[in-house]
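Residue numbers (the working numbering), protein chains in the order written: chain A, 28 to 364; chain B, 28 to 364; chain C, 28 to 364; chain D, 28 to 364.
One thing to keep in mind: the hints can contain errors.
No distinction is drawn between identical chains; accordingly, a pair holds when it is met within one copy or between any pair of copies.
Unchecked claim - Using 25 Å as the maximum straight-line C-alpha spacing, the simulated DSS-like pairs for lysine-lysine come out as follows: (1) K87 <-> K207; (2) K207 <-> K174; (3) K140 <-> K214; (4) K340 <-> K121; (5) K174 <-> K214; (6) K66 <-> K87; (7) K77 <-> K121; (8) K140 <-> K174; (9) K66 <-> K140; (10) K329 <-> K140; (11) K87 <-> K329; (12) K66 <-> K340; (13) K207 <-> K121; (14) K212 <-> K140; (15) K340 <-> K329.
Read the hints as simulated data drawn from the structure, not as lab findings.
There are 4 protein chains.
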Amino acid sequence: MFRNREMIITLKLDFFKTLGVNIDLAVEAHDIIRGEIGKEIPGVVVDREKYENSSVTIVKIVEEQAEQMMGKPRGTYITIDAPSLRNNNRLSQKEVVEVLADKLASLFDLPEKAEVLVVGLGNWHATPDALGPRVIDQSMVTRHLHKYTPEELKGGMRSVSAIAPGVLGITGIETAEIIKGVVEKIKPELLIVVDSLAAGSVDRIATTIQIADTGISPGSGIGGNRAGINRDSMGVPVIAIGIPTVVNAAVIANVTVEHFLEQLKEKPMLSQIYKNLRPDFMQQVIDEVLQPFTGNLMVTPKEIDTLILDTSKIVAGGISLALHPAITLEEYNLYLN
Amino acid sequence: MFRNREMIITLKLDFFKTLGVNIDLAVEAHDIIRGEIGKEIPGVVVDREKYENSSVTIVKIVEEQAEQMMGKPRGTYITIDAPSLRNNNRLSQKEVVEVLADKLASLFDLPEKAEVLVVGLGNWHATPDALGPRVIDQSMVTRHLHKYTPEELKGGMRSVSAIAPGVLGITGIETAEIIKGVVEKIKPELLIVVDSLAAGSVDRIATTIQIADTGISPGSGIGGNRAGINRDSMGVPVIAIGIPTVVNAAVIANVTVEHFLEQLKEKPMLSQIYKNLRPDFMQQVIDEVLQPFTGNLMVTPKEIDTLILDTSKIVAGGISLALHPAITLEEYNLYLN
Amino acid sequence: MFRNREMIITLKLDFFKTLGVNIDLAVEAHDIIRGEIGKEIPGVVVDREKYENSSVTIVKIVEEQAEQMMGKPRGTYITIDAPSLRNNNRLSQKEVVEVLADKLASLFDLPEKAEVLVVGLGNWHATPDALGPRVIDQSMVTRHLHKYTPEELKGGMRSVSAIAPGVLGITGIETAEIIKGVVEKIKPELLIVVDSLAAGSVDRIATTIQIADTGISPGSGIGGNRAGINRDSMGVPVIAIGIPTVVNAAVIANVTVEHFLEQLKEKPMLSQIYKNLRPDFMQQVIDEVLQPFTGNLMVTPKEIDTLILDTSKIVAGGISLALHPAITLEEYNLYLN
Amino acid sequence: MFRNREMIITLKLDFFKTLGVNIDLAVEAHDIIRGEIGKEIPGVVVDREKYENSSVTIVKIVEEQAEQMMGKPRGTYITIDAPSLRNNNRLSQKEVVEVLADKLASLFDLPEKAEVLVVGLGNWHATPDALGPRVIDQSMVTRHLHKYTPEELKGGMRSVSAIAPGVLGITGIETAEIIKGVVEKIKPELLIVVDSLAAGSVDRIATTIQIADTGISPGSGIGGNRAGINRDSMGVPVIAIGIPTVVNAAVIANVTVEHFLEQLKEKPMLSQIYKNLRPDFMQQVIDEVLQPFTGNLMVTPKEIDTLILDTSKIVAGGISLALHPAITLEEYNLYLN
């Protein structure tokens, strides 16, 4: 019997758009389209690595045509999957911090003196959207110490700063504008942006990490309302780290029906009926179930508060190890306490 | 076209049980069963009242047979519905505080000197389950002042105390045991227990309040793991105030399929197919979509943090006005700030 | 017998500097210096207004010489004092919101279309320093709505945005740099900066509000480590709103000794002894009492968490009324809920 | 030159009482009285142990006369001092967890099957008083799992439950009443009560831990308003773990004057003057400095939020190791994450 993650393959990418749902994870978009077209996507290269407690999928979008099919800009999208993170497994956490550090470092090539700005997107006051700001709180920030540190002691410690710019509803300012303002002041050579994502399947919540050298695409994130934060808009390279913390309830509703029909597919009449439905039929069904919230209903595990806290430590740890090669995980833990 | 709330009528009560979902709201259980049996339920009396910004439904379960059909003990279940609460409408909030105070007071008959204990169930650290503890924080507690207050000044102010006993996973103690211990010490004449509920429809989240003179039934609440807290177990009358803060994701999944089929019901083949499905077919579909969480996935609006805060003030206000007849809403607001 | 607030008059301004304590309130600096020199300070104009539950002192530093004596730049410093705020008196809160709105508005002269940026300084995670960020959360932000609002509906509502930039220890970036970056992007015509202050006397905590058209002076704020945020550094007018939330423990220690000696002053020998002490004697005594923290020990009332919450609502209300002339206090409360 | 901690020796125990300040730490009371009487206190036995990063002082009050002099009931008071905790030193933290576990275990003699209840006193919403509730959140609670665990797997894991009963101002119920109610229900063989204390010297904040087999004395704790929680009132042995998180501002004020005079003591006139002061003179000076708060002003380091969080992990770790002999510190960390 097929697992829920694979099930999403049968869905149409266009359909998600009619639901107002963005597919934030390249690996999910890839699976959907490959399902739709029934073969490998031209212009996309996929690579896989296996670790003890986690696995890594590297999706490279290398051609313009693939860019359009995937609905994502050309670039490298690295996904780390570690289902055991959900069980708060410390060995697994340690491994993921190290794999994250390693994969993150593979996406930049910076001198030791480089200045790096880490940005935590999202809203402190909405639990599943608070991951970005929490990562900022736990990151190893050094920029203010750097100017007082003798040159010979700086070895392996980059100058890192970090901000959590808030969300449009609270600041009244597009987050990208705030970040651009800070970037122009402190002129970092790299921007790392951390964000909560919406996934297409609940088993990805707090167990999947995506690292992309394309930055944040417009319309991504929880609720799909982030502005684009990328090399074009910022003038410096941007690496985005995204972690699914919710699934849109509209996706759950839709996947259930798909799954239901999938189970019935040997009944020829039914698939006939389904094919003849008006194209907006399914959306109308979902609207009725989810009104008056529709696009704003999130599915989260009951223990989301704890999952966000644990995951933020892992992400902050991975970033700190990648940026400060002289620091070991043990030293980071000492710093963080 | 029918609205989502009515849709639930077509569902089978038994089916929810197989999903591990408890129907916490009597008004929803009533609608489901009336749908199943296609007529009024014998031994249940339903009454309705209409206010400017809210409506009240009073379900009285008066006979033993009805008790079994409804899966709820005999007693009075008052439901206040105020969809405009979702828009943070202050006039609506004021009205609901007063209707709640009035309906709550209709369920007890206490002397002015009566001692009342308010209990906030739930977990401080899990946003949708934090409603009960938050209500405790905002309730007008007087017991510790009462002994120092001259008799002539006490008029209209009852002796009220309040506890938030925590949850089993944190304390290791059944919540009912903690409450019973405190009840035996301070010997209140009435217990008011506040809890977060799971609803059958998202439009009830933070807009419906249920007041029941039967207390808390075993298995109710978010996650369905509360122990029974009622006159039998406590030895004093217990009134439960419950507010839906989530919908179980399994319910959303199921309702969507039901709704989907409902729309197709003129197609005779389909309903034939559906009738022939194995009884556990739908549960298996849902399990696959929601694994590895299944019963622990909650659907909440993105703004749940704010909704919980606002609703806790309304409930604490209603309780305070009902218990302290000398207090006006304005004075409560002054107290609460 | 003299009250504690007047007592500070006998202190030497220089002495505070040796303690590493900045006198944030102009009204306190004024009282200290007037005490030192025994007459009105040349180049300083003081005005007073009396309201039902509050009083206002306006200190204008108009000459360069006064600037040096006061240790504060030329400009207008308006102080609102309302001791009844401490008792959570709602009438008093309402009056202070309105006086604050009125006095704040008296310091700017902006067209209706002006863009205003409100900045909340301080650290979310340190209770007495969290006032600024909390004010941001409760301010009436409109900039993101303004572009979608028809011109005829904008009447009396300015375009307001708000940020809480964090603190150097968490971001690694000077707060002034972050603000400057945002100012250059959104080009406001006025900056309003909210900050927690250290007072010279505990009875000012959460009962005094200072509004200054000179912005934030370098070295002010809790702990005395803010960078200057003023017209010079920002390129636009800056109004600072500061509220004492702590008293430095070194001030308490010093004031106690001063007060002790004051009481003994009829004993001629003692004042003789005191005069002959080495100048750093008192600082050494205080260092020993407060080590290993010295300058980082804060004196706060036990109920500081509640005081910060209440005060942040008052300040956010005053700012919102001043910036949006079309809004009444009642409408603001509706907005804020 | 003498350090601040020794300075307190010169103070009079009676004087603290006139200030409304309780001396929570037996080791401080001991030092004060020994200072007053100029010799060892009859009926008190003091023992000291030295570890790498910490030191332990064991004060045993063994005779009734000593009980009266010390103002504390007969019993064993173990104080762990580890100044390096303030620097967030991880080796020091590890050592203190282990010394705490060891010393705590030395105060009870329980069978493996014994039931233990841990109680966290204090107020969630007031940072320096939140230590007790935070410890509860991080304790290894097993009672609810115990009945499902096969006998052979329980080895070395006791049945532990934990509650945070809140404070009188929020519940309206004496904390001791709530605890007694729970004790009568679950009948533990030992009660461990964790509380925030007020110290006599700032260098003890978050670096000193007192373990006492006498339970909580009436009038102790921050603000001095705890009810007695001891074997007499509870009917089972009670061990109290107390950690200073504040110093009363009145103590700082007084110690400063004492210290000031100490420095001047070679001037004979002055000590003459001081001796002739009215007994309430010093109290009146302090009242004036600290009004309108007097007894409710707390001195805390700016970083108190972080100190409370770190210390709560240490205390919860020490308790968990002491109660579950089969658990190593590493396993506790895995549990806690």
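How the hints compare with the structure:
1. In this assembly of identical chains, K87 and K207 lie within 25 Å of each other by CA distance neither inside one copy nor across copies; the values are 27 Å within and 38 Å between.
2. Taking identical chains as interchangeable, the C-alpha atoms of K207 and K174 lie at most 25 Å apart whether they share a chain (23 Å) or sit on different chains (21 Å).
3. Only within a single protomer do K140 and K214 lie at most 25 Å apart by alpha-carbon distance; the minimum there is 13 Å, versus 32 Å between protomers.
4. Taking the closest pair of Cα atoms, K340 and K121 come within 25 Å of each other both inside a single copy (11 Å) and across two copies (20 Å).
5. With identical chains, the CA atoms of K174 and K214 are at most 25 Å apart within one copy only, with a shortest distance of 16 Å there and 30 Å across copies.
6. In this homomeric assembly, K66 and K87 come within 25 Å of each other (Cα to Cα) only inside a single copy, at 16 Å, whereas the closest approach across copies is 61 Å.
7. When the C-alpha separation of K77 and K121 is checked against a cutoff of 25 Å, the pair qualifies only within one copy, where the shortest distance is 16 Å, while the shortest distance between copies is 35 Å.
8. Taking CA atoms no more than 25 Å apart as the test, K140 paired with K174 passes inside one copy only; the shortest distance there is 11 Å, against 42 Å between copies.
9. Taking the shortest alpha-carbon separations for K66 and K140, neither the intra-copy value of 45 Å nor the inter-copy value of 57 Å comes in at or below 25 Å.
10. With identical chains, the CA atoms of K329 and K140 are never at most 25 Å apart, being 43 Å at best within one copy and 32 Å at best between copies.
11. When the C-alpha separation of K87 and K329 is checked against a cutoff of 25 Å, the pair qualifies neither within a copy, at 35 Å, nor between copies, at 32 Å.
12. Neither within a single protomer nor between protomers do K66 and K340 lie at most 25 Å apart by alpha-carbon distance, with minima of 39 Å and 53 Å respectively.
13. Taking the shortest Cα distances, K207 and K121 never come within 25 Å of each other, neither inside one copy (34 Å) nor across copies (39 Å).
14. In this homomeric assembly, K212 and K140 come within 25 Å of each other (Cα to Cα) only inside a single copy, at 17 Å, whereas the closest approach across copies is 27 Å.
15. In this assembly of identical chains, the alpha carbons of K340 and K329 lie at most 25 Å apart whether taken from the same copy (20 Å) or from different copies (23 Å).
Violated hints for the displayed structure, listed by number in ascending order: 1, 9, 10, 11, 12, 13.
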